[in-house]
Amino acid sequence: MEAVALHAAHAHHEEEYTTTGIPHDKMGMWVFLCSEVMFFTGLIGSYIVLRFATPLWPPPASVLNIPLTAVNTFILICSSVTMVQALAAISRGDTRKLKLFLCLTLLGGTIFLSIQAVEYWKLLHEGFNPHVSLFGSVFFTTTGFHGFHVFCGVICIAFVTGKAFLGKYTQAHHQGIETIGLYWHFVDLVWIVLFTIIYLI
Amino acid sequence: MSTTEHKTPNYMAIFWWLAGFTAVEVAYSSLLPHSQKVILILGLVGFAAIKATLVALYFMHLKFERKTLGIIVGSTLILGVILVSVGMAEHWLPRP
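If you read the sequences in order, they're chains B and U.
Taking the working numbering, the leading residue of the first sequence gets 1, the next gets one more, and so forth.
Taking the working numbering, the leading residue of the second sequence gets 1001, the next gets one more, and so forth.
By construction, these hints were calculated from the structure, which means they are not laboratory data.
Among these hints, one or two may not hold up.
Derived lysine to any residue pairs resembling SDA-like cross-links, with alpha carbons at most 20 Å apart [stated by the list, open to error]: (1) Lys1037(U) to Phe52(B); (2) Lys26(B) to Val1073(U); (3) Lys97(B) to Gln175(B); (4) Lys1037(U) to Pro55(B).
Bound conformation, chain B alone (with noise of 0.2 Å):
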């Protein structure tokens, strides 16, 4: 009777009352994602007021490997495409494709920082590195801060794949997929950004 009780009183705890009608972990999943868009805009406004007011600033691609970064920017786009339909997996009930798509998140973003690390590579054995321009040090500033997120959005998608592995979420509780998709679309739409700024222009 009293495990009843208990069940009860955890069902009604599952279907919250919020005052804004968003769960509170997708709330403030965006307070915290809103709190990024102004640290990434910090950065990048940064980049923007020292290259301009810079006047020697070697063209980036005279520097950067920019068909390998479009590449790697492919990748980060196609591990966007296969969360959401992870998301979209998971709302129609199908815990295969759910489990499928996760994976294939996970190795779209290892890939991107695999390729990240090479490209980082290459560039210190040619020596160029934070200390020899003002390029070379809002560069790894940017682009690492942005890798710090990847490597973070990658551990966070390894734990729901595992959970998702245990069986733990259904078509009806799946909020941790799509707090987890929005960091991961986030970190797709700054990497858009950046790619632009620093690589192209």
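Since the structure of chain B is provided, determine the placement of chain U on it from the hints.
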């Protein structure tokens, strides 16, 4: 658990638009002479803005969310624009 019920967007169509814009961006950047800086910057920033908007609206589902969320995100973007504008004004505006 989704707060708003909506028809699932065609994610693959969005993906192909994003991939296509990325290819066009790279081609535009490499083909356009870098002496035409204003056209280059406006074009590339325009492409990036379209791509970022597609991700926010369809992958992050902002298009289907409540107005509250739109107001929160919109306010942050306005603050971001002010932050960058103040930095740029420091450089471009004439000093007294």
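Here is how each hint holds up against the structure:
1. Lys1037(U) to Phe52(B): 12 Å, holds
2. Lys26(B) to Val1073(U): 13 Å, holds
3. Lys97(B) to Gln175(B): Answer holds: Lys97(B) to Gln175(B) is near 17 Å, not above 20 Å.
4. Lys1037(U) to Pro55(B): Given pair Lys1037(U), Pro55(B) holds - Cα atoms ~14 Å apart, limit 20 Å.
The structure agrees with every numbered hint stated previously.
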